[in-house]
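*Asks:* If you want the building blocks of each chain, they are given just below.
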Amino acid sequence: MAVLVVADNDNAHLRDTTNKTVTAALALSGDVDVLVMGSGAKAVADAAARIAGVRKVLLAESADLGHGVAEVQAATVEGLMGGYDAVLIPATSGGKNFAPRIAAHLDVAPISEIVEVVDANTFVRPIYAGNALETIQSSDAKKVITVRPTAFKAAADGGSASVETATAGGNDGGARFVSEEMVKSDRPELTAAKIIVSGGRAMGSAEEFHNVIEPLADKLGAAVGASRAAVDAGYAPNDYQVGQTGKVVAPALYIAIGISGAIQHLAGMKDSKVIVAINKDADAPIFQVADYGIVGDYKTVVPELMAALG
Amino acid sequence: MKVLVPVKRVIDYNVKARVKADQSGVDLANVKMSMNPFCEIAVEEAVRLKEKGVATEVVIVSIGPVQAQETIRTALAMGGDRGILIQSDTDLEPLAVAKLLKAVAEEEKADLVLMGKQAIDGDNNAVGQMLSALLGWPQATFAAKLEVAGAKATVTREVDGGVQTVEVSIPAVITADLRLNEPRYASLPNIMKAKKKEIATKTTGDYAVDVAPRLKVLKVTEPAKRSAGIKVENAAELVNKLKTEAGVL
Chain A
1 MAVLVVADND NAHLRDTTNK TVTAALALSG DVDVLVMGSG AKAVADAAAR
51 IAGVRKVLLA ESADLGHGVA EVQAATVEGL MGGYDAVLIP ATSGGKNFAP
101 RIAAHLDVAP ISEIVEVVDA NTFVRPIYAG NALETIQSSD AKKVITVRPT
151 AFKAAADGGS ASVETATAGG NDGGARFVSE EMVKSDRPEL TAAKIIVSGG
201 RAMGSAEEFH NVIEPLADKL GAAVGASRAA VDAGYAPNDY QVGQTGKVVA
251 PALYIAIGIS GAIQHLAGMK DSKVIVAINK DADAPIFQVA DYGIVGDYKT
301 VVPELMAALG
Chain B
1001 MKVLVPVKRV IDYNVKARVK ADQSGVDLAN VKMSMNPFCE IAVEEAVRLK
1051 EKGVATEVVI VSIGPVQAQE TIRTALAMGG DRGILIQSDT DLEPLAVAKL
1101 LKAVAEEEKA DLVLMGKQAI DGDNNAVGQM LSALLGWPQA TFAAKLEVAG
1151 AKATVTREVD GGVQTVEVSI PAVITADLRL NEPRYASLPN IMKAKKKEIA
1201 TKTTGDYAVD VAPRLKVLKV TEPAKRSAGI KVENAAELVN KLKTEAGVL
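Here the protein sequences line up with chains A and B, keeping their order. Counting in this note's numbering, the first sequence tops out at residue 310, every number present. Counting in this note's numbering, the second sequence tops out at residue 1249, every number present.
Hint data in this document are derived by calculation from the structure and do not stem from the laboratory.
When the alpha-carbon atoms are kept at most 27 angstroms apart in a straight line, the in silico BS3-like pairs for lysine-lysine are as follows: (1) A:Lys194 with A:Lys280; (2) A:Lys270 with B:Lys1241; (3) B:Lys1016 with A:Lys273; (4) B:Lys1241 with A:Lys273; (5) A:Lys142 with B:Lys1219; (6) A:Lys219 with B:Lys1243; (7) A:Lys280 with B:Lys1243; (8) B:Lys1231 with A:Lys273; (9) B:Lys1219 with A:Lys270; (10) B:Lys1231 with A:Lys270; (11) B:Lys1202 with B:Lys1002; (12) A:Lys280 with B:Lys1225; (13) B:Lys1241 with A:Lys219; (14) B:Lys1216 with B:Lys1202; (15) B:Lys1231 with A:Lys299; (16) A:Lys153 with B:Lys1243; (17) A:Lys280 with B:Lys1016; (18) B:Lys1225 with A:Lys273; (19) B:Lys1243 with A:Lys299; (20) A:Lys280 with B:Lys1231; (21) B:Lys1020 with B:Lys1219; (22) B:Lys1241 with A:Lys153; (23) B:Lys1050 with B:Lys1145; (24) B:Lys1145 with A:Lys184; (25) A:Lys299 with B:Lys1241; (26) A:Lys194 with B:Lys1225; (27) A:Lys153 with B:Lys1225; (28) A:Lys273 with B:Lys1243; (29) B:Lys1243 with B:Lys1231; (30) B:Lys1243 with A:Lys270; (31) B:Lys1109 with B:Lys1052; (32) B:Lys1002 with B:Lys1197; (33) B:Lys1216 with A:Lys142; (34) A:Lys270 with B:Lys1225; (35) B:Lys1016 with B:Lys1231; (36) B:Lys1219 with A:Lys153; (37) A:Lys194 with B:Lys1231; (38) B:Lys1109 with B:Lys1002; (39) A:Lys270 with B:Lys1032; (40) A:Lys270 with B:Lys1020.
Owing to the predicted nature of the structure, the values given are computational and were not obtained by experimental measurement.
Working from the sequences, and respecting the hints, build out all of it.
*Replies:* Structural data, given as structure tokens:
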């Protein structure tokens, strides 16, 4: 069987969510191609061609693809599906935006956010915010699958696949990109970071969040996260949110500060390798998943931590 | 402008789902059920469109067991005008749901479908996009802000790393993200009024749609439990453990 992986990229860089999706694809088949959709994205295609195990890279470019217009992304993939038995797409907000459209047009059941490939037809995916895992078997001839990147190891570089041009799908004009406002930051991206420092409602204000969480994150070269409670209270921007309704992360080290550990937050970070919790409430549920806990006020613990880190 | 709002009855947001011992699914017996939170946000936005004079009618549709009527009543108490219940005793897959909703949107001649971005039971995040594809209407998912002017909707969407603004022509399918609005609580007079609002009852068989499942659930299991670790006394001890024991610093 032949499998197509859709690359996650920002027109300039290939994100490692793509490498992780390639790993999932290689569990299905040895014939894995990568489709890069973007605008001026040749460097992304070249990076994808270096992933070990990739047979060839297809590059489709248009202004709409550069802006991630779902209708056009889906049409581009659909144009290629004659040659593939499955398409695997990283389950990012961009991937989730267009993947189900392909399934609808192919008249197949989408298989969302898999965390394990059991065999070519059988997959494991979290449901109920990760409180249950369902093992499902698909009877569709072609499969449209989104992959939770944190559940798979990134495929390493070492390949030298060829890059070919593919045709970009058309736009019927119903949807038009207007503008984009990306948060500019020198910190690593949440979903790619090795270390994440997250703050919760205990911060009490946006200023406190900024003064406590961010310096610690910068000291560790970490990304900044937040609980939904902190985001809803306006202490941190929306895209910091870790949890069922935000981002699902699995860094090597997750430091939760002033976060109680609501089910919805745990769903987004419980697969982290090492979890540290700092909370003054010894009964906070976060301690039930933390490898190391400090019961104490973050106002004294965080400065001590900064000092201990040197 | 007629707005169609699909809503789903799901396990309450605050209840922890428990897996059945025989691994056949999640135990929903005697569990509090509520309207899916993202659906609630979609209802609120539709009602606000009506209050602004943009929408003329807000039609609530739910596909589910007979108890889904209560979910529709909740939406009617928030300000929906009438409801449609498509009764189904099995939990349908997103593809089947999208096909049924397509039939309803066409039958109702809806101008806008406003719905939640995902249901918190199946966590598929798929029906809105699939409905848009099947109808051939543009989509704007994960909406954080919606403005409707004439035959166009301008939607600010939540994307990884920031926000994106798109413009879609109407008819369109828009899916709601968490921060689109804060849903209202229905007032007692409105709850009473909602009891008199019409709910048409249909079955999946009333629509010429194939709702057969494509996926077979082999088992539903509990994820591996993370065990609690240790408490450390202070920051210095923590840093030491992270360096030597955990090896992550």
